[in-house]
Structures are given as C-alpha cells and as structure tokens.
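S.K.: Numbering (the working numbering) for the sequence shown: 12 to 1193.
The reader is advised that the hints may include incorrect statements.
[To be verified] Straight-line C-alpha distance at most 35 Å; calculated DSBU-like pairs for lysine-lysine: (1) Lys-495 - Lys-460; (2) Lys-674 - Lys-1016; (3) Lys-262 - Lys-181; (4) Lys-674 - Lys-1147; (5) Lys-218 - Lys-422; (6) Lys-681 - Lys-1183; (7) Lys-98 - Lys-57; (8) Lys-422 - Lys-333; (9) Lys-884 - Lys-810; (10) Lys-674 - Lys-1159; (11) Lys-1016 - Lys-1030; (12) Lys-828 - Lys-1098; (13) Lys-345 - Lys-262; (14) Lys-297 - Lys-245; (15) Lys-1028 - Lys-884; (16) Lys-810 - Lys-828; (17) Lys-297 - Lys-460; (18) Lys-218 - Lys-363; (19) Lys-750 - Lys-1098; (20) Lys-333 - Lys-382; (21) Lys-1159 - Lys-422; (22) Lys-319 - Lys-345; (23) Lys-297 - Lys-495; (24) Lys-1182 - Lys-17; (25) Lys-319 - Lys-98; (26) Lys-310 - Lys-345; (27) Lys-1182 - Lys-674; (28) Lys-80 - Lys-17.
These are calculated hints, taken from the structure and not from any lab test.
Every value quoted in this text rests on a predicted model; they were computed, and no experiment measured them.
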Amino acid sequence: MTSMKKETLTLEVFYKLNSEGPGVYLDNPNQIDVIVYNCSILSQGKCNFCNALKSEYICHWPLNSGDCKHGQKVGEGYTCPMPEIPKILPRDGYTGEGTIITVYGNEFGTENDTIVYGDTSVNPVVVNKRCISVIESNYRDSTDAEDFNPGIRESFQCTLGRYSYDKQNKTGFSIYDVMYKSEEPTVLLPIWKGQDDVYVQSMEPKKGPAIGGTVISLFGKNLGIGNRVVQNVKFLSREGVLPTSTCKHSKVQSEHLAMTVFENFYVTCEVSIDVDREPGTNMTFKELEIPVNQRIEGKNVLSDLIFKFLPNPEIRSIHPTKGFLSGGTILTVKGQHLNSSNVGTVSISNEKETQENCIIDPNSADQVLCKVPNATVGVRNALESNTPSNSQRKKRSSHCDGCVTVDILVKLDGVESHFTISYYHDPSINKFDENVLLYQTDQQYLEIKGENLNLVAEMHDINVTIGLGECNVVELTGTYMRCKAPSSQPQPGIPGATLPEVNVTIGNIQRTVGYIEYQKKFENVLIIAGAAAGTALFLLVLVVAFFVCKYRKVGSKAKALEKQLNDLELEIKHVAKEEFLDMQTSMSTVNRNLIEQGFPFHSYQQYACNAMFATDYLMSDPVVSSYKMSDELRARARTGMERFQGLLENKFFLVSLITTMEKQKHFFIKEKSNFAGNLCAIMMGRMDYMHEVLQVLITQLVEDPSSKRGVKSLFRRSESITEKLLSNWLSLCLYPHLKDHTGSLLYLLYIATRKTMEAGPIDALTNDAKYTLSEEKLLRKYQGSATDEETTDVKFEAKALTLNVVVDNGEEIYPCKALDCDTVNQVKAKCLDQIYVNYPASQLPVDPTELLLEWHAGFSGRMILRDKDNTSKRDDEWIRVNTLAHYAVADQSNMALVDPRNAELSQQEDYVNLAQIDPGFDVNSMGSDQPLTAECSTSHDEENPMELKQWHLVFNDDDANKKEKSAIDELYLNRLITTKLSLVKYIDDLFSLVLESSKCPPPVKFLYDFLDDLAEKQKIDPDTLHAWKSHSYSIRIWAMLIKTPSILFDINAPSYVSESLDVISQVFIESFSRTEQAVSKESPTQKLIFRNELTKFRTHVQEFYKNVKENVQKPDELGQYLTSINRNQQETTFNKNAALYRLYEQIKPYTDEILDDLSICQETRCLQLNKKLDDIFSMMEE
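All chains, please: the whole structure from these sequences, using the hints.
M.R.: Given below as structure tokens:
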C-alpha cells in the first residue's frame, strides 16, 4: 500500500522457474505504466470526497466504516456520516422573511446528493426559519479535479421565511432521499431580531464644513444586522422634502477587525461634496437602507441626529516650510474657521501613505497643529543624489541648498490646499562617551551635542527624558541642546535597568544617547600646602585608627538602631489606626462595590499593548490600526508579507534572524524592544511556537554570553531581543493568572495606597504629601503665607469635610469626603472617584477638569469655585491656589458638579457672598460691579504685566527651597512608618500570593525548570541561578506591575500615588537579594522602614524557589495552558500585516548581514532561506 495518494509506476514483470532461482525479466516494449492509489488518502478521509471519486478508482464508503475503502459499493442508500456545520452567515437578521442565509460545512454530499426541498416540513431550517427559495449549492474549487467527477458541496444558501414561534430552536436539513439531519451544529447560531431592536440612536460629529467631506459615524443598536452591509444613508435637507443620499461611501464598522455577533457596530459615511451648500443649514438623519428591502430609522431625541453645516475652513499658510526626512516636527496651519472641520491630515501630494493626522482644537478657529510627513523613498533618494524626480513634483531652487522641495496637501474634511515644503537631512545626535555620562548634581543642566539640531526643529519639537523623568529643553543651537535635569536621579525607564537612559526625540527621530549616573558634589578638602610628610603620616595613622574603632562599633550601633525603630513602630501603631479610620471605611466600600461590579481589568488586547509597547510607539503607529500605504504598494506588500510571515514561522530562520539583529551595533535597545513587540504581535495565537524558539535563544544566550556582559547579569536588563521576547512571552501568557489569582490583590494595594495618601494633605503642584512612602515627596513644611518667615510643620490639622454632591442637577445626592486644604480641582477629582467607585477610567462619563464645582447655599445662592479667581490670595510675585478653606466651605455643604456647556449655566451670574470669603482677602480690591471670574496668573499691573508663581501648600521655588539630602529626622520618619503601617497588610497579602508555590503558573514553572537544567549543564553557581530566576520573572514582571498597575488595570493613577508604588516596587526587588545588609541611618529609607518585612520576604523567596523546584509539572500541563492562551489571542484584533511591515522595515537596513548569516548556517542554507528572503526584499523594493 502506497503512502502517497496516487503514484504512476512502470510495470515490470519477472518470470521465475522456482521460488529460489533468479527471475527472468520479460520485455516491456510499450512501457506500460500503472497507477497505484490509496482511496483513504485520495478522499482526505471524507465520505463525500470518497463518493465523488471517478468510477475507475473503484472506491466506496461502507456504512459505519469511518474510512474510504477500495472495492465496489455494496447495497444502496446514503452511508455518509452526519454533516457538520462550522459556520452560518450572516450571524443575525430580521425575524421577517427575506434573509439570504449561507450554511457552510463538511459532509454536505456531492452534486448527485440532493438537499431535500419542496415540502415545507423537510426544507432546511435555521433557528426556526425555513428556506422558501430553491436551494443553491456552492461546490469545491478543486485543484485535483481530474480525480473527481461530481462536484463536492461545501455550502448551500437559500432565502429564509419568517421566524416560527411555535417550535423549539431548530437547525437542520436533509440530504438524499433518506431523512438524514444535522440537529446540533457546532457553531454559534444566528440570532433573529425584531424591527424594534434595530435603530440609530446618535451621531458624531454633529457639525462640519458646508462643502462636505466630513465622515459621520452613526451609533445605535444592532446596526450591523444581516450581512454587515448598508446600501444607502439618507438625510432630510428640510421638512417635506424626500430624503436623499447626501452621505456617500457608507460602511458598517466595528471597533474590532473580526466582526462577531456580540460586537457593537456603527455605520460611517462621508458627506458628499457640494460647493453650493450654504453654511447655517442643517440636515436630519432619516434612515439606513440595507439589503432585503429593510430600513433602519432613528430613535430617541431628534436633536441627536441633526447635522449642522458651518462656514468652510480657509487655509491660508503653513509654518515652518521645512522639515527633516523623518518628519514628525510640528507644522502649524493658519487660517479662518479651521475648527469647522473634524479631521485634518497632511501628506505629500499623491503619496497617501505619508499621511499625518492633525490636532483640531474646537476652541481655536485660526490654528491647527499638524506634523511634517515622513519623506518617501523617492524624496530621500533625490536628496541623496541631488536629482529631483518629476513624479513627485520635487524641485531644487536657489533658496533650497542641501534640500528637496516637495508639494504637500493639507486637508480639513472636504477642504484641500497645496503648499510646498523643503526636506533636509535628519540631524545627528551624538552619543555619550563610553555610553555612560557621570553627571554632577550641581550642574542643573544636561548638554547633548549633535549637528544641524536647529536647522528645522524648535525647542517645542524636542523631548528629552532621563529614565522616567523629564528634562525640559531650555536652549537649542545647531551643535548642542541644553535641558534642565531633575534634581535627583530618576528611576530607569527600562525594566530592570540600574541606570536611567537618556532618550532624545525630535519629531519622529528617537535616539538613546546613553545612560546617566548622578554623582553627589563632595566638599573640597583643603590641603595645607607645605605640610610635612611626617604630619601627613601621623594624620593617616589617626584616620586608620578612627575607622578601626568605628568598625567595631558598627554591629552594636546597628542593633541599637533596629531596637529604636521597632520601639517607634510600636508607638505609632495605635495612632495609625485612628488616623486611617476613614481610609478603612473607604476600602470597605471599594470591596463591596468590587463584589457587584468586578475589577477594572484591561481587555487582553489593551494589556498586551501596554506590556509590549511604549505608549508613544503605539500612538505614532498603533498595531491595531491599518498600516498606511498606497493601493499599489498594498497589493505588492500583501504577497511579500505573506511570504515573510512564512519565513518567520520557520524556527531556523527566526533564530538566525534574531541572532543577527542582536549583533548589530546600531540596533539600539528601544528598537530591540519594538522588534520583540512586533514579533509577538505577529505570533499571536502561536505561543507554543514562541516557547520552542525561546528555548533555543535562551540556551544560546547562556552558552555564549556577550563579551560585555557576564553570565550573572543575564536577564537583569532587557538589553537583548531574547530577554525582551522572554518578558513579552511571560506577560502575554500570564494574563489569565493575573486576572483570576494575583491581580485582585494588586488592585487593592493600589486603591489602599491612594486612599491612604488622600487621607492627608497633598500639594496639588509639587505632589508632596503628608502620607507617603517616598522620602523625596514628603510634605515637610506648611506655609501659611508667601511672606511668612516662620513656618510650621505639616502636622497642622487639615479638617475633614463631608460634601453633599449632585451631578448635573441630578436628583441623587452623594456624600463625598474632602479636606479643607484641598484645591477645587482636587475636590472635583475626589468627588468623582467616590461617585464612580471602581469604574474603568476609559468609561467614566466626565473628566474632573471639564466640570465646574458649584457651592449652593440658601434658596438661590450659588457660587462657582475655581482654583484661581480674583479672590485668590497674592503676595508679591506669588499667587496661592484656592482651597475649600479659602472659600470658608463648611461641613455638610451642598455642592454640584456641573457641565459648563449647560445652557442654563451660561446665562447665570455668579452669586458672591463676600462675608464668607477668607478674611485675608481684601474686599475693597474688587469693585462692586466686578464679577467673580476666573483669573489668569498675571499681575494686575497692566503697564508691567508679570507672570505670577503659583503655590498651594509649599513653595515650588527651586532656587529658594532646594531639599538637601540629610539623615531623615524622627518627625518625618514617623510619617513614613505611619503610611507603611496603613499599607503593610495589603503589601504582605500581595507578596505572599505572588510567592505562593502552589499557584505558580505553568509558563513560570517551565522557565525555572529550564534554567535549572541549563545551570546544571553549564555548572552555574547557585547565586547566579537565583539571580536568573529573580530577574527573568519576578522582578521583570511583578516589579513593573506594582510600579505601574495601569498596565493591567483601566485606571488613571495620579502621579503622587506612583511615587509610593515605586517604593513598594523597590522593596519587592530587594526581597530577592540573597545578602542582608545591616541597617544604619545612612541606609535607603525603604530599607529602614521595611527592615522586618524584608527579612520575612527573603525567607519566603527561598522557600518559593525550593518548593517550585520540587513540584512536578504534569507532562502536558504547559501545552494545555498555551493552547488556551492561543485561543484567547486568536480573538484579539492585532493587525498582523502592520506588525509584519514594521518588522520588515526594522530589518531592511541590515539586509546584507542577515543574508550572510543565513548563507553561513547549514540548516538555513539547505532550505535556501537566504534566497527566499532575498526574493522578498527584491519584490518589496521594486
């Protein structure tokens, strides 16, 4: 029996006299060939394929045999197994008749097998709707048609009748003359909906330029009903006129690419261009026309479906008229009525893939901010060769030296204008010598050198970051830029890094110039010249003797300090319980709400984006959007990217590619991170394959470490693609574990930290807080006046107030807690947080800054409270932000959060009760006819206007109020310990659950076992193995989640909370250190206040590693786990084509190196992978 489905062989006949002797070959002059075949393989194991084989194959499918056999069919009748229905389209429709349904499946018979139709009792039925039209079959388009005679049915379609309510939900059909039915299809069945369940409810935007071009989105219920097709969108131009198709190019859209029955669909269309249309006119939505002669009409408030035509934008000029090849610098568009439009774009003419979006401010009619488009390959080549190309309308002129001038298109909805812009080479940005800069803290300014830095860019185009800190640019020349560095060394922006990296962004140009290490300024030691050598030697002996004595006292001093700290903590415990009583009550409310509402986890897709990509990278080119390219390039790129993906799914190719990219000196850390993110986006649904690739890559990393890095430092910093891939793979695989097990405690820790800090004063401008874990952010002084020389400690009693709050004149009253020292914006944020408890941030109906806070008193007294108005307290150049105490707001006061766009509010005059204003305010400074209005931060001296400095609780004056680093005194240490005691339960609960060996997720168990095996083979010492395990998972994943919970949760974490979470993250990292150091007054603050917890956590870590190693993983446990992850990932909507194209763009500059390495490797050379990749490069670059 042959293992192939069909072979043609030459017939050879031998004649033997007996079985023992040699055979005699008989002549075959006609070269007779025979065909040898396998019925089972030819039929692909399917009955209808077997029945469709041509008669000369003599194959048949015996009843209940389960396979196609050789031989003549015996008996009559239909012997095939029950059909399977994997898909039915559309997935929904109206209950009435007329829906055209298509049923897809296996074992649907052949052309010779009739699907029964004629008698309504046996017609095919789909969820109680029977076919009322002739059945139309769709047959397989076979490439091996010579083997089959009748067509093989893959699907059938018909028109359905009305829904029958008097039967059970039934789906099935009959094949042949035997009543053989499929009653239970393995597919999501269609849902039939009534006319009342389908309607348009709202529309966005509701205004646009009169000329047209605005893309309107219509929202409602079940707008994607049926085949997700809209034939027409009709509007009424005025009453009594027939509706017309004013809106063209209608489409059914979804927030996700994969359209399923559970999604909320919306319809988009573009307002047709009409140069004669008058501004000030309206059009009202009438109906959507969909197939089967159905209409979808509007519902609810008519005003929600009225579109107003505004004056057309007049685009007059752009500035500047030059840009770098990489683009991305700010391009300001000037004109009139620019805010009539809704969407603005800038692109190189006839090059749609260069399109950049603009930011349209609704309040600015004369200015729109756009970005210079990224130059095309043609522009780059023309600039390189100084030969312009006519196809892109580039030209050189006398005023354009070293540049190429290009025609660009500015488009605001339907209004278009052409301008010219000159492209120059990108500036060069120099790296630090030896990749690390030693920075003296007294310098204040960081200098970064380069060339042509200000040729195009201005200071607002440049962004410099030091780790997680900002470095604001204050000076820019052609050869250098200076920025004001943070006063203390920021945390690294790269997970696991020990030093913060310095990143420079100029438009779309992003460069990492190196790392920075802050150094303290040491006082100069005065050396008296001419001192005798004997004197110097005598002093040296004294110093040595001093340190020897001091060393002997270190042990006893450390014990004494520890006892002192323990005693202090015991004294504070009772006080902490009293101070945070309200916080515990708030946490009880949070817990109750979580039971009803659940935790605000991000969707898997958003979590994956947060874990794999930096926000700016997603914003510049999101993975879930379609990659911008022309139609011609898209067609060529589609084929190229399909072939490229095929290569990536070859393990030999992928390992060789990653190994090659790791070696490239100019492929920097950020690019490696994006490379790993793009690759993981492409491999969504293939985590098992990534698991295999990672085993090879990690083995290579361990066996052949880089010459610059030792074995022990592996996984400490994500400097390689392999390390970032491992981090991404773990993050993507751990989402179910985080959601079902540990994530809930992380959220409670975040909420507890926030509630604890908000129980005390927080400076709105500096984020200094009375209750915090960060020594740098302690609110050390409370200043009552800008001119007061005397200051009091922040132990002052901030009065807690309960405010009775309504939202937008609603009926429900919410009791909200606030402090009298809170600013107005702080009060609004606290009120919304207490009204919308645990709501996902993206679903909050309002933003605190968009609302006004109204204080209601008496029958009609009302007053709008603002952070700054003409009652604000001023002292010389300082202005203090208003607080509740400034307005003398009392406990149980009535407040309202009001939308300022409310029509009633705009007509209302502010009620002012001057008797209740802070007595420090000079009533005579405001005339009797002067209204209470919002105040800008400028002096009242109109002849000499001066910008006023703002302050809330402390002055934010860098020159006058520098915090000197010194041993922390007992007062401030008390408050750090107080804060810790309030949070220690939540910290302990989270750390204990993370380190619970029985809950160790399968991917982590695999990783630890794999590292154990590698360590044994390479004879790695236990300390190094411990470091590998700690940095590859615990510190890499969990330290980042603790520090940035917004990766996992849909929250807007205030920056003051992040400071304390960062300390908790550092404590978690310190828990994995195997060496315990004695504490002293010079020890980091977190080691002082968490000294007891650290000892306990370190023991827990050792037990965790020991127990995980002893636990035995079931043989297929990881495989089953990865299979479930793959299923989840297949439901995401990452645009793999966009990720493929971005990955291709990343490797393209290194074509020669990649091809060389592929030709050297034996496996890739044998498979001709280098030639296949070269063909892809050639095709893409044609």
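S.K.: Next, verify each hint and record whether it holds.
M.R.: So, going through the hints one by one against the coordinates:
no.	hint	in the structure
1	Lys-495 - Lys-460	15 Å, holds
2	Lys-674 - Lys-1016	30 Å, holds
3	Lys-262 - Lys-181	32 Å, holds
4	Lys-674 - Lys-1147	26 Å, holds
5	Lys-218 - Lys-422	17 Å, holds
6	Lys-681 - Lys-1183	28 Å, holds
7	Lys-98 - Lys-57	18 Å, holds
8	Lys-422 - Lys-333	18 Å, holds
9	Lys-884 - Lys-810	20 Å, holds
10	Lys-674 - Lys-1159	15 Å, holds
11	Lys-1016 - Lys-1030	21 Å, holds
12	Lys-828 - Lys-1098	33 Å, holds
13	Lys-345 - Lys-262	33 Å, holds
14	Lys-297 - Lys-245	6 Å, holds
15	Lys-1028 - Lys-884	72 Å, violated
16	Lys-810 - Lys-828	11 Å, holds
17	Lys-297 - Lys-460	61 Å, violated
18	Lys-218 - Lys-363	26 Å, holds
19	Lys-750 - Lys-1098	31 Å, holds
20	Lys-333 - Lys-382	11 Å, holds
21	Lys-1159 - Lys-422	32 Å, holds
22	Lys-319 - Lys-345	23 Å, holds
23	Lys-297 - Lys-495	58 Å, violated
24	Lys-1182 - Lys-17	31 Å, holds
25	Lys-319 - Lys-98	43 Å, violated
26	Lys-310 - Lys-345	40 Å, violated
27	Lys-1182 - Lys-674	21 Å, holds
28	Lys-80 - Lys-17	15 Å, holds
In this structure, the earlier hints numbered 15, 17, 23, 25, 26 are contradicted, and the remaining ones agree with it.
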